[in-house]
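Visitor: Quick note, the sequences are listed as chains A and Z, same order.
The first sequence lines up with residues 1 to 320 when you count with my numbering.
The second sequence lines up with residues 1 to 322 when you count with my numbering.
By construction, these hints were calculated from the structure, which means they are not laboratory data.
A hint or two may mislead.
Only some residues are given here: those of chain Z computed to face chain A with a beta carbon under 10 Å [unchecked claim]:
(1) Leu76
(2) Phe80
(3) Gly287
Cβ pair distances, simulated, as ranges [said to hold, decoys possible]:
(4) Gly200(A) - Ser23(Z): 39 to 47 Å
(5) Met98(Z) - Asp310(A): 45 to 53 Å
(6) Ala216(A) - Thr2(Z): 53 to 61 Å
(7) Glu176(Z) - Ser90(A): 35 to 43 Å
(8) Asp37(Z) - His279(A): 23 to 31 Å
(9) His133(Z) - Pro137(A): 52 to 60 Å
Since this is a predicted model, take the numbers as computed values, not measurements.
Beta carbons are placed, not taken as given, at the ideal position from N, Cα and C, and that holds for glycine.
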Amino acid sequence: MNPKQHEIDPRQLLQQMLLIRAYEEAIVAGSGTGKIPGTCTSVGQEAAAVGVVNALAGDDLILTNHRSAGHLLARGADPGRLLAEVMGRSDGYCRGHSGSLHISVKELGIVLTSTIVGAELSLAPGVALSQTMLNRPGIVVCFFGDGAACEGSFHESLNLAALWNLPILYVCENNQWQAFVHRREATSRDHIADWAASYGIPARTVDGNDVSAVLAAAQEAAAQVRESGRPYLLENWTYRTRGHFEPDDQAYVDPAEREAWLARDPIAMCRDCLIADGHLTPAQAAALADKVASRIAVAQSFAEASPFPDVSELTRNVYA
Amino acid sequence: MTTLTLYDAVGAALTEEMRRDHSVLVFGEGIATKRHDLVQEFGARRVRNTPLAEGIIAGTAVGAAGTGLRPVIDLLFAPFLCYAMDELVNSAGKLRYMSGGQFSFPLVTLTMTGAGWGVGAQHNHNNEAWFVHSPGLKVVMPSNPADAKGLLKAAIRDDNPVLFFLDIGLLYQPGEVPAGEQTVPLGKAAVLRAGSDVTLVSYGKTVHHCLQAADTLAGKGIAAEVIDLRSLKPLDEATILASVTKTGRLVVVHEANRLCGVGAEIAALVAEEAFARLKAPIVRLGGPDAPVASSYPLEQAFVPQAEAIAAAAERLCSYQHA
Ligand SMILES: Cc1ncc(C[n+]2csc(CCOP(=O)(O)OP(=O)(O)O)c2C)c(N)n1
Ligand SMILES: [Mg+2]
Chain A
1 MNPKQHEIDP
11 RQLLQQMLLI
21 RAYEEAIVAG
31 SGTGKIPGTC
41 TSVGQEAAAV
51 GVVNALAGDD
61 LILTNHRSAG
71 HLLARGADPG
81 RLLAEVMGRS
91 DGYCRGHSGS
101 LHISVKELGI
111 VLTSTIVGAE
121 LSLAPGVALS
131 QTMLNRPGIV
141 VCFFGDGAAC
151 EGSFHESLNL
161 AALWNLPILY
171 VCENNQWQAF
181 VHRREATSRD
191 HIADWAASYG
201 IPARTVDGND
211 VSAVLAAAQE
221 AAAQVRESGR
231 PYLLENWTYR
241 TRGHFEPDDQ
251 AYVDPAEREA
261 WLARDPIAMC
271 RDCLIADGHL
281 TPAQAAALAD
291 KVASRIAVAQ
301 SFAEASPFPD
311 VSELTRNVYA
Chain Z
1 MTTLTLYDAV
11 GAALTEEMRR
21 DHSVLVFGEG
31 IATKRHDLVQ
41 EFGARRVRNT
51 PLAEGIIAGT
61 AVGAAGTGLR
71 PVIDLLFAPF
81 LCYAMDELVN
91 SAGKLRYMSG
101 GQFSFPLVTL
111 TMTGAGWGVG
121 AQHNHNNEAW
131 FVHSPGLKVV
141 MPSNPADAKG
151 LLKAAIRDDN
161 PVLFFLDIGL
171 LYQPGEVPAG
181 EQTVPLGKAA
191 VLRAGSDVTL
201 VSYGKTVHHC
211 LQAADTLAGK
221 GIAAEVIDLR
231 SLKPLDEATI
241 LASVTKTGRL
251 VVVHEANRLC
261 GVGAEIAALV
271 AEEAFARLKA
281 PIVRLGGPDA
291 PVASSYPLEQ
301 AFVPQAEAIA
311 AAAERLCSYQ
321 HA
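The following block holds chain A by itself, in its conformation from the complex (with noise of 0.2 Å):
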């Protein structure tokens, strides 16, 4: 099955960028006051995650990184699992093995997470060539970000994609920074989208900040992957509000460019569409929030009464 963009209520991505939000929101005011681990937040590029996981079929399976709240929370994860996770409690989907930075849901199609950036990318070939080989209907959709893209995995990635014919969609959030740096320092070109060229794929960059656009795009993008079975690359031109990783006092960024950003908040760019299209009044909309708050509230007392690991944990699914 194709999501077809009339299928989905835009009111939904609105709701789901809500939750990663208040997810993410929660885990800042938890690590500010100690009780929460820090993690990397994706604050800011709510829509580029959305759009493109709304735009995915239930057999698509995703790899993804370090910035995967997004991803996970509109793949359909539970917050509260996810936060048990982060907290390193037993109830995560990782049994508080993996901690935020490399959660993988198998149930949900998110695969071989890792925080290795750029692996990913070299492990992306591979999870497609079982899908052709297996004949196994969903293509293979590979998140990573513009620093991703200057390690050796992503220049390998793309030449073996297309010289195997692998149904893979690299999703490229480009977020202007690559940790501590910004990308102008790092990067030979501004857009991650202008190197595919070289590997004869297609890409296309999109305003990743306006979730029916990225939405469009990536229901295009996959529906090209699914018919010519061949790699596309599509990248989100989105920011990261937050810091790299909590805390950051972000004493390095350009306030400038931050407040630019800031003005085009996706979640708030959205809302207010859907009240201008009358598809939402704003009391809906504050209803809405308000759901996605007790969501949040229920998954962190879940989260918060998870047991730690036992220390036998130390050694289980160690073979050698």
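Position chain Z with the ligands against the provided structure of chain A, taking the given hints into account.
Guide: Just chain Z with the ligands now, kept in the frame of chain A:
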């Protein structure tokens, strides 16, 4: 004396060595952002942020080191060294030898590892022994700010590649650091506490656990000698052997897992060179042969603690040959 954290001691060593020698430069992912004071003093040519690409960072450093510069590179967390393995192991470690001595590679690689931040197995992996096992690389891991500064100054002055491991758990702990020109020679261990009953050998944060254990043991009438290796290669064999010759008992402690770890090498060394002096079997305490979990209590449980060290030493002291 001044009081510095280990992180700031590294900064002080970089500053002093960059002042002293204009061929020293530093680069890495974000080092110019995080150590902005270096950019202010030495300029953007000698302090560079790089693209996110460990292979080319290390390769560039090796190329530069072989042709006149003295680079210090920051590769962040030890697991990321995997991306730079070819450049460090096959180029930095071998090309002096393979060129018949025509080139040398004065190059320092900074990296962090160890329990403390709960960031999981792809950030925390004490893989220092891999490099000890690779010909042509020197390896150090200080346990305190003074040694960090002195060892880094010596490493920068050394004409060969040095892997410089920083223990995450110690990074922001303050310590006394002698002011000015004070180097700590590579390959020289420190005897932090003298004792005649049992030798505790360690490096990094578990040195502190050994010192705590020595306190406990003293209360029970056991005098433990504590050796901080500081350098893993070259290894200060003489200091280890002299101590075990005196005490006849050895506990080697490190956070890295035991299998083929530095402790295995030390145990073999002592078995080969001081067998006749041993009054009890050698004990190695290390992390389990497993990746490190992120969860805080599991991360802590991975690391050998003072109680386990004291218990092991006590067992050795009451050991009776059959
Ligand atoms: C191989 C490797 N090098 C460095 C890091 C440290 N690190 C984690 S995230 C990050 C920045 C990644 O930038 P980008 O790929 O643009 O993703 P973003 O964090 O912006 O989402 C860095 C340097 C890492 N995890 N792995
Ligand atoms: Mg980025």
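Visitor: Looking only at beta-carbon atoms, does the pair glutamate 176(Z), serine 90(A) fall within the given range of 35 to 43 Å?
Guide: holds, 42 Å
Visitor: Evaluate the given range 52 to 60 Å for the C-beta pair formed by histidine 133(Z) and proline 137(A).
Guide: At roughly 46 Å between Cβ atoms, proline 137(A) and histidine 133(Z) fall outside 52 to 60 Å, so the hint is violated.
Visitor: Lying within 53 to 61 Å: is that true of the beta-carbon distance alanine 216(A) to threonine 2(Z)?
Guide: Since the Cβ atoms of alanine 216(A) and threonine 2(Z) sit about 60 Å apart, the hinted range of 53 to 61 Å holds.
Visitor: Tell me if phenylalanine 80(Z) is really an interface residue toward chain A, meaning its C-beta lies closer than 10 Å to one of theirs.
Guide: holds, 7 Å
Visitor: Mind checking the hinted window 39 to 47 Å against the Cβ distance between glycine 200(A) and serine 23(Z)?
Guide: Distance hint for glycine 200(A), serine 23(Z) holds at roughly 43 Å.
Visitor: Please check whether methionine 98(Z) and aspartate 310(A) have a Cβ separation lying inside 45 to 53 Å.
Guide: Since methionine 98(Z) and aspartate 310(A) have Cβ atoms about 50 Å apart, the given range 45 to 53 Å holds.
Visitor: Hey, does the glycine 287(Z) contact hint survive, CB to chain A under 10 Å?
Guide: holds, 9 Å
Visitor: Would you say the C-beta atoms of aspartate 37(Z) and histidine 279(A) sit inside 23 to 31 Å of each other?
Guide: violated, 52 Å
Visitor: Let's test the interface hint: is any C-beta of chain A closer than 10 Å to that of leucine 76(Z)?
Guide: It holds, given that the least Cβ distance between leucine 76(Z) and chain A is near 9 Å, below 10 Å.
Hint compliance for this structure: hints 8 and 9 are not met, and every other hint is.
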